[in-house]
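Chemist: Listed below, chain by chain, are the residues.
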Amino acid sequence: MRRRGLEPMHDDHINVTPLIDVVMCLIIFFMICGNLAKDEGNDKVTVPTASLGQELNDQRDRLIINVVGAAQAMKGGVIDPSVAPQIYVRGQEMAPSGLAGYLEKEKNNAPDLKVILRADRELAYNWIAPILISCAQANIKSVHFATKDD
Amino acid sequence: MPARYAPLRKMSAHVGPNMTPMVDIVLCILIFFMLGASIAVPELVLTGKTAVDKAGLGSNTTDAKMPAVRMNIVLHRQNDRTFVTAFDDTPLPMDGADSPDQSHNQVIASTLMAKKSRLSDDVQVIIVPDKLVPYQDVITIYNDCVRAKYQQVAFAAAQG
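Residue numbers (our numbering), protein chains in the order written: chain A, 1 to 150; chain B, 1 to 160.
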């Protein structure tokens, strides 16, 4: 006697579970990348214009220093050199006096450290010079200046 | 006579929540993030192996090798305007970066290029900005130096 086995089950729906898994992973990836980029950059900084700026191809061992302060530094169109800007490194505010030590530590961890200086275009040079000196004290030879196309 | 019933039709059983709306939303979010990532313009940089001369010329330099020939580009601020004195020439006024008339800046750029043609390749140019000079003007001059193909450009940065 021939026995009838169970009939195979047919589900009319496509199994979307793997799709959701992959898509969720991608969303988390993009969200984390977005947050990292937000930490590194600073949308309050208006970088200077330059015609010869180029994309930095090698993004390894880079450290972005944001120097924010145009709103405070400008008083009726005249730069007030007495108002100190704020320095942000990796989303954390940093005192100018502590910058050299921080850079030295970073340099020890990454010998090929590149510094990208994102400073507000309106800032007076006397606020930029100490940062360049800190880079020199930390023996960082590779200092780049963030710009935008004019 | 017993009634004959038609056999039951096979029903497809779908157990669980309806995932379709969720998949729709999740895909929309994914497309949003992907477009956001592609629209974000990468930032440009003026690259440099910059040395810093801590006290102007002559003293307390970094260990970056300084060549024998060193020339200054002095930037000073007067009446809300930056003036450039390149290699002890007469001071030239700079135009603001937002000014539609960039004729002064073009003169400065062409002066730097003309000077470069008469100098050896190992000349080091030191940009010496006054402390009130806006960062934009410093970068404009640095940009001009890069355009003129000066190999070594440093910034004077007096401490204190």
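These are computed hints drawn from the structure, not numbers from a lab.
For glycine and all other residues, C-beta sits at the position ideal for the given N, C-alpha and C.
Please note that a few of the clues may not be correct.
What the hints assert, rightly or not - Using C-beta positions, here's what the derived DEER-type ranges look like:
(1) A/R90 <-> B/P17: 22 to 30 Å
(2) B/S110 <-> A/E55: 24 to 32 Å
(3) A/I28 <-> B/V69: 49 to 57 Å
(4) B/L27 <-> A/M94: 39 to 47 Å
(5) B/D24 <-> A/S97: 48 to 56 Å
(6) B/D98 <-> A/E55: 40 to 48 Å
(7) A/D112 <-> B/S103: 53 to 61 Å
(8) B/N79 <-> A/N57: 18 to 26 Å
(9) A/A95 <-> B/F87: 31 to 39 Å
(10) A/N57 <-> B/L119: 47 to 55 Å
(11) B/S103 <-> A/A110: 40 to 48 Å
(12) A/T46 <-> B/S110: 38 to 46 Å
(13) A/T46 <-> B/D130: 17 to 25 Å
(14) A/D58 <-> B/N18: 42 to 50 Å
Said to hold, decoys possible - With a cut-off of at most 25 Å between alpha-carbon atoms, the simulated DMTMM-like pairs for lysine to aspartate or glutamate come out as follows:
(15) A/K148 <-> A/E55
(16) B/K115 <-> B/D130
(17) A/K114 <-> B/D122
(18) A/K148 <-> B/D98
(19) A/K107 <-> A/D149
(20) A/K141 <-> B/D122
(21) B/K116 <-> B/D88
(22) A/K105 <-> A/D61
(23) A/K148 <-> B/D80
(24) A/K105 <-> A/D150
(25) A/K114 <-> B/D80
(26) A/K141 <-> B/D130
(27) A/K44 <-> B/D88
(28) A/K44 <-> B/D24
(29) A/K44 <-> A/E93
(30) A/K114 <-> A/E93
(31) A/K141 <-> B/E43
(32) B/K116 <-> A/E93
(33) A/K148 <-> B/D89
(34) B/K149 <-> B/D89
(35) A/K148 <-> B/D95
(36) A/K44 <-> A/E55
(37) A/K114 <-> A/D21
(38) A/K148 <-> B/D122
(39) B/K131 <-> A/E93
(40) B/K131 <-> B/D88
Chemist: Each hint: holds or not?
Modeler: To see whether the hints hold, each was checked on the structure:
1. A/R90 <-> B/P17: 22 to 30 Å: Violated, at about 41 Å.
2. B/S110 <-> A/E55: 24 to 32 Å: Hint holds: Cβ distance 27 Å, inside 24 to 32 Å.
3. A/I28 <-> B/V69: 49 to 57 Å: holds (56 Å)
4. B/L27 <-> A/M94: 39 to 47 Å: Since B/L27 and A/M94 have Cβ atoms about 41 Å apart, the given range 39 to 47 Å holds.
5. B/D24 <-> A/S97: 48 to 56 Å: The hint (48 to 56 Å, Cβ to Cβ) holds, given that B/D24 and A/S97 are roughly 53 Å apart.
6. B/D98 <-> A/E55: 40 to 48 Å: Given about 24 Å between the Cβ atoms, the range is violated.
7. A/D112 <-> B/S103: 53 to 61 Å: Taking Cβ atoms as reference, A/D112 and B/S103 lie about 42 Å apart, which means the hint is violated.
8. B/N79 <-> A/N57: 18 to 26 Å: At 42 Å between Cβs, range violated.
9. A/A95 <-> B/F87: 31 to 39 Å: holds (38 Å)
10. A/N57 <-> B/L119: 47 to 55 Å: violated (30 Å)
11. B/S103 <-> A/A110: 40 to 48 Å: About 44 Å separates the Cβ atoms of B/S103 and A/A110, which means 40 to 48 Å holds.
12. A/T46 <-> B/S110: 38 to 46 Å: violated (28 Å)
13. A/T46 <-> B/D130: 17 to 25 Å: holds (21 Å)
14. A/D58 <-> B/N18: 42 to 50 Å: For B/N18 against A/D58, whose Cβ atoms are near 48 Å apart, the range 42 to 50 Å holds.
15. A/K148 <-> A/E55: holds (10 Å)
16. B/K115 <-> B/D130: holds (22 Å)
17. A/K114 <-> B/D122: Satisfied, since the Cα-Cα distance of roughly 24 Å is no more than 25 Å.
18. A/K148 <-> B/D98: holds (13 Å)
19. A/K107 <-> A/D149: Outside the cut-off at roughly 30 Å; violated.
20. A/K141 <-> B/D122: Holds, at about 18 Å.
21. B/K116 <-> B/D88: Holds. B/K116 to B/D88 sits at ~14 Å (cutoff 25 Å).
22. A/K105 <-> A/D61: Holds, at roughly 13 Å.
23. A/K148 <-> B/D80: holds (23 Å)
24. A/K105 <-> A/D150: violated (35 Å)
25. A/K114 <-> B/D80: violated (34 Å)
26. A/K141 <-> B/D130: holds (23 Å)
27. A/K44 <-> B/D88: Violated - the C-alpha atoms of B/D88 and A/K44 are around 37 Å apart, more than 25 Å.
28. A/K44 <-> B/D24: Violated, at about 35 Å.
29. A/K44 <-> A/E93: Status holds; Cα separation ~14 Å.
30. A/K114 <-> A/E93: Between A/K114 and A/E93 the Cα gap is close to 19 Å, so the pair holds against 25 Å.
31. A/K141 <-> B/E43: Roughly 21 Å separates the two Cα atoms, so the pair holds.
32. B/K116 <-> A/E93: Status violated; Cα separation ~41 Å.
33. A/K148 <-> B/D89: With Cα atoms ~30 Å apart, A/K148 and B/D89 exceed 25 Å; violated.
34. B/K149 <-> B/D89: Holds - the C-alpha atoms of B/D89 and B/K149 are around 20 Å apart, at most 25 Å.
35. A/K148 <-> B/D95: holds (18 Å)
36. A/K44 <-> A/E55: Satisfied, since the Cα-Cα distance of roughly 21 Å is no more than 25 Å.
37. A/K114 <-> A/D21: violated (37 Å)
38. A/K148 <-> B/D122: Answer violated: A/K148 to B/D122 is near 29 Å, above 25 Å.
39. B/K131 <-> A/E93: Since the Cα atoms of B/K131 and A/E93 sit roughly 23 Å apart, the hinted pair holds (cutoff 25 Å).
40. B/K131 <-> B/D88: Holds - the C-alpha atoms of B/D88 and B/K131 are around 19 Å apart, at most 25 Å.
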